[in-house]
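Each chain is listed here by its residues.
There are 2 protein chains.
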Amino acid sequence: MAYDLWYWPTLPGRGEFVRLALEAAQIPYKDRAREVEDGFSAIPQHLDAMDTRHAFAVPLLETGSESIAQTPNILLFLAQEHGLGPKDAAGIRYLNQLQCDIADMVEEVHAVHHPISTSLYYEDQKDAAKLAAKHFREERIPKYLSHFERVASAHDGDWLLSGEDWSTGDTSIAYLLDGLHFMFPKRMNALAPEYPRLHSIRDQIFALDAIAAYRSSDRCASFGTEGIFRNYPELDAG
Amino acid sequence: MAYDLWYWPTLPGRGEFVRLALEAAQIPYKDRAREVEDGFSAIPQHLDAMDTRHAFAVPLLETGSESIAQTPNILLFLAQEHGLGPKDAAGIRYLNQLQCDIADMVEEVHAVHHPISTSLYYEDQKDAAKLAAKHFREERIPKYLSHFERVASAHDGDWLLSGEDWSTGDTSIAYLLDGLHFMFPKRMNALAPEYPRLHSIRDQIFALDAIAAYRSSDRCASFGTEGIFRNYPELDAG
Numbered sequence: 001m002a003y004d005l006w007y008w009p010t011l012p013g014r015g016e017f018v019r020l021a022l023e024a025a026q027i028p029y030k031d032r033a034r035e036v037e038d039g040f041s042a043i044p045q046h047l048d049a050m051d052t053r054h055a056f057a058v059p060l061l062e063t064g065s066e067s068i069a070q071t072p073n074i075l076l077f078l079a080q081e082h083g084l085g086p087k088d089a090a091g092i093r094y095l096n097q098l099q100c101d102i103a104d105m106v107e108e109v110h111a112v113h114h115p116i117s118t119s120l121y122y123e124d125q126k127d128a129a130k131l132a133a134k135h136f137r138e139e140r141i142p143k144y145l146s147h148f149e150r151v152a153s154a155h156d157g158d159w160l161l162s163g164e165d166w167s168t169g170d171t172s173i174a175y176l177l178d179g180l181h182f183m184f185p186k187r188m189n190a191l192a193p194e195y196p197r198l199h200s201i202r203d204q205i206f207a208l209d210a211i212a213a214y215r216s217s218d219r220c221a222s223f224g225t226e227g228i229f230r231n232y233p234e235l236d237a238g
Numbered sequence: 001m002a003y004d005l006w007y008w009p010t011l012p013g014r015g016e017f018v019r020l021a022l023e024a025a026q027i028p029y030k031d032r033a034r035e036v037e038d039g040f041s042a043i044p045q046h047l048d049a050m051d052t053r054h055a056f057a058v059p060l061l062e063t064g065s066e067s068i069a070q071t072p073n074i075l076l077f078l079a080q081e082h083g084l085g086p087k088d089a090a091g092i093r094y095l096n097q098l099q100c101d102i103a104d105m106v107e108e109v110h111a112v113h114h115p116i117s118t119s120l121y122y123e124d125q126k127d128a129a130k131l132a133a134k135h136f137r138e139e140r141i142p143k144y145l146s147h148f149e150r151v152a153s154a155h156d157g158d159w160l161l162s163g164e165d166w167s168t169g170d171t172s173i174a175y176l177l178d179g180l181h182f183m184f185p186k187r188m189n190a191l192a193p194e195y196p197r198l199h200s201i202r203d204q205i206f207a208l209d210a211i212a213a214y215r216s217s218d219r220c221a222s223f224g225t226e227g228i229f230r231n232y233p234e235l236d237a238g
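Residue numbers (the UniProt record's numbering), protein chains in the order written: chain A, 1 to 238; chain B, 1 to 238.
Some clues are possibly wrong.
One copy or two, either will do: identical chains are not told apart, so a pair holds if it fits within one copy or between any two.
To be verified - Taking lysine-lysine and the DSBU-like style, the derived pairs with C-alpha atoms no more than 35 Å apart in a straight line are:
{"no.": "1", "residue 1": "130", "residue 2": "143"}
{"no.": "2", "residue 1": "87", "residue 2": "30"}
{"no.": "3", "residue 1": "87", "residue 2": "143"}
These are computed hints drawn from the structure, not numbers from a lab.
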């Protein structure tokens, strides 16, 4: 049986962490909000109609018997259910910890272009966004990426964690780097030589047959000026 | 053997979610950064010296064989290891989902007084903070608390999830409400009648013998103008 994924239909956003893991592992799923005429209305209606285990927001993955929300929580489920991570409990916990770190960084990325409120337009908080972007580029990007590079460099393997196979941590790192390069091309080009392991992980994930096919399909939404990673040139600098 | 907890010594902050769960369940732990002269230097030194499974930030719980960071990840471990949550996998996942929701709200609380950057003083981003606080008070507090109230109202029990006993979800809700009342007393007093189940959970957790003893001990740090929940009167309104 295919999973039901609920996420905003036209943007990669947080849902892309889930889509990439599903696509890389070739796990069947339906992208439900893309199957209706107005997916942007269907999502709040779907959330509002949940009678038990209410979810605060999408992404939401439904298995038939269970509704699972929160990106790290969905990825933990997929890692455990489909073997997309370490086999031991301590290893799975560490993978979950890194997914929480990535989720925190993504939250901060969104706050760069919406420092005052998510409910105001970017144009109405542009001055604050410029200041926030400077601090994010100069302090937060190196702090987070050094941490992930250190994790990937702590062993001899090719992936984020030791082991032969990619995990959901690698699909998440690939998407995170892709988004950061889209949003901050000057800054990320300047920083790239400092994070060779992370860039190699991104390249290896994107070279997987299943991911190459996904990225050239119409299932894969492009970055734009919606969602988490947005390219506003005035927020970037080398 | 007692766990080692690493968290900033003088403030409740994110560490309080972990301390409250440990104290409520009477699980022995050492608050390591309080045992040295300069805990604020000891924490970055400790993180920097980790040779495997590097942690991005505290809180960090060490078991002797494992170092576990990220608040939801630590609370998931404690729930599973000490039976502080549902016994079934789907129930534990839902508890983890709610802890991620709480962590997201806490991130937004911190961003209210630091909208531009965590590395600037509050005084240097006060104007942006006032705007951020207005949106947070009017839109985000009701949105999050309605969600948690709905979860607690979906069954007949006394706690956040159905069942006889409190879970880590209840200790987290108790601390979250306590912090919000400290930071936004006017706004929270105005809103309190809309969230009776959440306030009842807070009261029941604070009435547990172990928590009453903890809160009157010197192990429990007070709120102030450090950490997540800070009372700046100019950021509050009814």
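How the hints compare with the structure:
no., hint, in the structure
1, 130 <-> 143, "both (19 Å within a copy, 28 Å between copies)"
2, 87 <-> 30, "both (27 Å within a copy, 30 Å between copies)"
3, 87 <-> 143, "within (29 Å within a copy, 38 Å between copies)"
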